[in-house]
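Participant: If you want the building blocks of each chain, they are given just below.
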Amino acid sequence: MALQQARPAMPSDDKRWKLVNGTMRRNGFAGHALIETLHSVQDAFGYLDEPSLRFVASSLDLPLSKVYGVATFYHLFRLKPKGRHACVVCAGTACYIKGSGALVDAVEKRFGVKPGETTGDDRLSVLTARCVGACGLAPAVVVDGNVLGKQSAEGLLAQIEELR
Amino acid sequence: MNVDELAELAQTYRDEEAPVRHEVRVCMAASCQSSGSTPVFEALEKSCSERGASCKVKGVGCMGLCSAGPLVAVADHGSDLAHSTLYRDVTPADAPDIAAGIDGAPVERLRCPTDQPFFARQQRIVLENSGVIDPESFRGYIAAGGYAALVKALSDMRPADVVQEVIASGLRGRGGGGYPTGLKWSTVAKMSDAQKYVVCNADEGDPGAFMDRAVLESDPHRVLEGMAIAGYAVGANKGYVYVRAEYPLAVDRLATAIRKAKRGGFLGSKVAETQFEFDVEIRLGAGAFVCGEETALMASIEGLRGQPRPRPPYPAEYGLWGHPTLINNVETFANIAPIVRNGGAWFASIGTAKSKGTKVFALAGRINNTGLIEVPMGTTLADIIEVIGGGIPGGKAVKAVQTGGPSGGCVPAPHLDIPVDYDSLKSLGTMMGSGGMIVMDESSDMVDVARYFMEFCMTESCGKCVPCRAGTQQMHGLLDRIARSQGTREDLALLEELCEVVQATSLCGLGQTAPNPVLSTLRYFRDEYERKLVPGA
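So the protein sequences, as listed, match chains A and B.
Its first residue numbered 1, the first sequence is counted upward by one per residue in this note's numbering.
Its first residue numbered 1001, the second sequence is counted upward by one per residue in this note's numbering.
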């Protein structure tokens, strides 16, 4: 007879934990569902904090070190919250050849944040991506999920200024 | 279900569409969506609504000329891209004119001729449905002859016959390595393990490459059909598609396709009413370039850090969870259905002696026609750049073409007349890669390009083996010094030595090929490096 292993209690009564639990249940709480589960935590909460990593580790019966290892290995997982708006400058080859570096510089000059950083008022996070696949529209920038093609520094800054 | 029954079903679906005389096809792939094709689609639906059932506005996949998006094609029902009226840079305001032009004269100001070399010189096998069918429609795929190859394989062929056809086709892996696909299939087929897996590598990590994304967004069923045929041929009942999380639209369409294929009976427990069972699951990547390497990819599917392991044993013998696993790239799987449908000999008649079939390339960088093309193997680079690609903007000269991404190298202008195939590119010190082609003009600084790729490899190194982890760091430091005109002759000598060591001693392809962009630029543009060295030092 298989032992029914007790699942840990959800970290809070936030409904979003049910989504996370759902992902784990669909995968039979198997350890190999770790990456899927982390994706679903990040989709729900925006980033992975320590309580969520602990929760995932005990739910999937994995050592916390392994969960932390996976969460830090993959670039897409964030351990810190991001700003209200995200500006992702594509640094793929095509965009690079067409001047994505100048876009990063312009954003840094205006808002004082380097790629990977968030402004002090939590308004804007600046990131770079390894090719968003919009090479035909180089240089491309993804602002809050919308791909903007053929960007100039002035045009991009104006678009970011409009975000509140 | 046999071939005739499927043909009958396809005819039924085509008959349902019979009242449609004209199709207005709007590209809804990621690139055109980024340039605003969704509002264009809505506006066209509104403008065409009064035409009733004789006119259908349809979202389709990539038509190739991404730089001219949003693209809209007005076509007679059932005709291909070449026989349609193509419009470029369409805005929602153009919708009434386009609707009026369906019967009348085409809207000249928006015309994009389809007899120009960009379209005329292509040969579409992988992309035959791309830009023609609705990628979210299961019926559309069946009507276009979809799943006929799978049904043919299941009802008329033994698994060994399928493997034989793939061997006869001469198809080589489209992910970059160029390993003979048939050989890989027969190795997995020979394994006696009861549990085997089929994995589709859709972790298209090379910056500047978007072929696989376009295939998944434009014709996802085609990939599933290829995987199911592979499953039958090698004896696997479970497939995984490992796809980048950076491609949300492709993931979405693939998930829709899997769901509909299951409901339609082409995936699941009794595929096409036979005893064959095959299920496909999507696994999302999480932004690690190294996961394109097959052993790292498998680790990632297993929920681990994406770190490679030494080969042998190869995945064909010891793959996912220790079971024999067939791993092929998206484009490779997309070639399978036509091979089974038309025979290996047909496929082998296209291309060159050692590189068969066609190849999809993503043209980007300093070139007029950026986008996606499919040409027979052996087409010369000059043809691709000057004729199909329409040359370089501003009348500048080509300096080099970068192929193979961070693992590849540059082909300099004097060598542009080489035919594009696995072996010719290799002889020039670069590689086919997955199909990204970045064109550079005279304004590109080759040392800077080498530094860019090295920075990429440095940040993407998984850290498992020392040569790659430490070597890429050191090579990047040296390149940075040279690029900032602070490098000495000793730095350059050390860089070259490091290239050799990292190439020879790294664990996986990432490290082994990381020096390639440096070696290649040194081979053809050594003077650019030397000019930057500290004089006299």
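Among the hints, erroneous ones may be present.
As the list claims (entries may be wrong) - Straight-line distance between alpha carbons at most 30 Å, and here's what the computed BS3-like set of lysine-lysine pairs gives:
# : chain 1 : residue 1 : chain 2 : residue 2
1 : A       : K150      : B       : K1190
2 : B       : K1270     : B       : K1190
3 : B       : K1270     : A       : K150
4 : B       : K1532     : A       : K109
Just so you know, the hints here were simulated from the structure itself, not pulled from any lab data.
Participant: All hints, please: hold or fail.
Facilitator: Evaluation of the provided hints:
no. : hint                : result
1   : A/K150 <-> B/K1190  : 51 Å, violated
2   : B/K1270 <-> B/K1190 : 23 Å, holds
3   : B/K1270 <-> A/K150  : 48 Å, violated
4   : B/K1532 <-> A/K109  : 28 Å, holds
Comparing the model with each numbered hint stated earlier shows that hints 1 and 3 do not hold.
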